[in-house]
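**Student:** Each protein sequence line maps, in turn, to chains A and B. Heads up: take any position in the first sequence, counting from 1, add 19, and you land on our numbering. Heads up: take any position in the second sequence, counting from 1, add 19, and you land on our numbering.
Among the hints, a few may not be true.
When chains are identical, the list treats them as one kind, so a pair holds in a single copy or across two.
[Claimed, not checked] Straight-line alpha carbon distances no greater than 25 Å define the calculated PhoX-like cross-link-like pairs of lysine-lysine that follow:
id, residue 1, residue 2
1, Lys128, Lys299
2, Lys327, Lys205
3, Lys362, Lys86
4, Lys299, Lys47
It is worth saying that the hints were derived from the structure and are not from the lab.
2 protein chains.
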Amino acid sequence: MLPEENVREYYMIRDIRDTPKALDAVVKSLDGISEVAASARKFRKIFFIGCGSSYYAVLFGSWPLMKNGSVLAFALPSSELILHFSDAVNSDSLVVGVSRSGRTAETLKALEICRGKGAYTVGFTIEGGSEITGIVDEPVVLDIGEEKSIIMTKSFTAFSLSTAMFSSILSERISGEKQTLIDECKAIPSLARSLLSYEDKIAATSKRLLSENIERFIFLGSGPSYPIALEGALKVKETSYVATEGLHLLEFRHGPMATIGERLTLVISCFLGENTVHLKNFVSEFAGKGADIILISNSIDLGESTLKLPPEYSGECKALLSIIPMQILAYYYAVGKGRDPDKPRNLSRYIQRF
Amino acid sequence: MLPEENVREYYMIRDIRDTPKALDAVVKSLDGISEVAASARKFRKIFFIGCGSSYYAVLFGSWPLMKNGSVLAFALPSSELILHFSDAVNSDSLVVGVSRSGRTAETLKALEICRGKGAYTVGFTIEGGSEITGIVDEPVVLDIGEEKSIIMTKSFTAFSLSTAMFSSILSERISGEKQTLIDECKAIPSLARSLLSYEDKIAATSKRLLSENIERFIFLGSGPSYPIALEGALKVKETSYVATEGLHLLEFRHGPMATIGERLTLVISCFLGENTVHLKNFVSEFAGKGADIILISNSIDLGESTLKLPPEYSGECKALLSIIPMQILAYYYAVGKGRDPDKPRNLSRYIQRF
């Protein structure tokens, strides 16, 4: 991509391009995930935990259960569970932890605490034989290959999809109603493949942002797009160190809108099915006030900086796909700024101490 | 304050200085709040909703119930309830809405939807006779006087305290265990009064930030301090338009730590009781990597930019008090930047359209 500029290719972009293959592997593991879900007895409380990108992955993955609303489901950073919620965990609890390396100190500690309290524990990782697999009642090892960059990209998407599938299965069992999410999930890998064709367009957008000295981003999303907005903000922040944040889409009107007029760009993921029409007015309102907007949407088009996706991107789970253009944006923006996205400052592959 | 510089005093700082009186009024209304809580039958799900600062207030206020973990309690932006969670609301639900004006479009609409589904609704406001009082089953009108600034300050603190009291009462009833939170809450107004004595020190800190051209802030908090970090970030953003965000304290290690080295300041609220000792190392780690830190804590001291509070500030509810120094910081920083904090750009007193 952009070969004429002789951009060195880092691991990060190769990992991103590997996403469809990783998602194929996730969909292939559906039977295994179903078995793990079936092995779990009925629970009154379900906690999903992780750190950093893994926390945002479970925030997305817990969506089908959160929305179901008939069971107590929470997504929390692992540290928050350790510090504040361990008294709420008991033998009536299912705790689902995600750690790419299988070695993240806080997640391991939280899972150990929860097991000690009689909770049933499930651990998602991509590292077979890592510590998490020895700690939990049921490990789920996703066979998506190595992720060479310190930055999580394809693994984020794989954990998001796999935990969402897990939640959908549990949600089906709890409500007794067939969830459409499982079928939606199966369509995700091929849609991810098509999305990669936008790489050049997104690289051009990154170039435009750099030429306009944009160094501040607010990522917005509603419902299942909200964790994606948080993860998009994290991706840009940890690769380029510029100011980013993620917010609920319509919360932007309640205070943060004061920032329109500053040099900043809004990145909006808008995949809302039947409610989208309603939201169109709000997104147009932000544009009307002069906001610079990069929009990723299956239904709204604001012109040049919109990634307008075809109708097959409809459905709640499809919101996950908007992380791919955000990751590509983060990559080209960081490289254009002269950062090495594979070696982010102050960070390591996983945090070993808690 | 700082009279030698002839700073014009805006409504915002007068509202902040009125906080202890507002909190006195909240504590005096404890009997009324208890009656409303007692009138509510037993519920399986409790939703807390609001927009902007009112959303962060209910995120704090729902803490005693969230932590209790034996009932399904969620805090959500009103818009998210309308768009995604209305199917989860039924006659088994209690919905608590907060709106300063009693007229916020999204909150009114969400409450109407919930009533239509048979939920029991409670509405907190400071405007007697406003629309919300006619919509809900039980209105709670806090008699804290007018708030003249568009920016919410004393009303945020009053809503946070009153909804936390409401949650504590419900939590007591659900668990059958005496909660210490109610007694803690009663101590809040006089502690708020003492905190105002730090105004000069905080004004001096704001001056230092301005002289060092700091235009980026990350607010960090854990547990009950997390919503306070979000609200602190919002206060600075909506008065000065600079880049701010709020994050869970230890999530900073999982990605955002890459930003240490940029020109930015961390504002940390750390009121953690017995767990604080443990966190001390992490806060010191951020400082050791060169982060500029403004710390508000009852137990950790990092030197000049620490607001070290005496031991009577221990206890989870006391975390709420850290919003007062953050509001004062936002005020002096905005005024020092030449902004009018009473007339934030693009914002109005409440949003009338959804």
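**Student:** All hints are to be evaluated individually against the structure, with a verdict given for each.
**Tutor:** Verification of the supplied hints:
no., hint, verdict
1, Lys128 - Lys299, "between (44 Å within a copy, 18 Å between copies)"
2, Lys327 - Lys205, "within (22 Å within a copy, 54 Å between copies)"
3, Lys362 - Lys86, "neither (37 Å within a copy, 38 Å between copies)"
4, Lys299 - Lys47, "neither (36 Å within a copy, 45 Å between copies)"
The structure shown violates the earlier hints numbered 3, 4.
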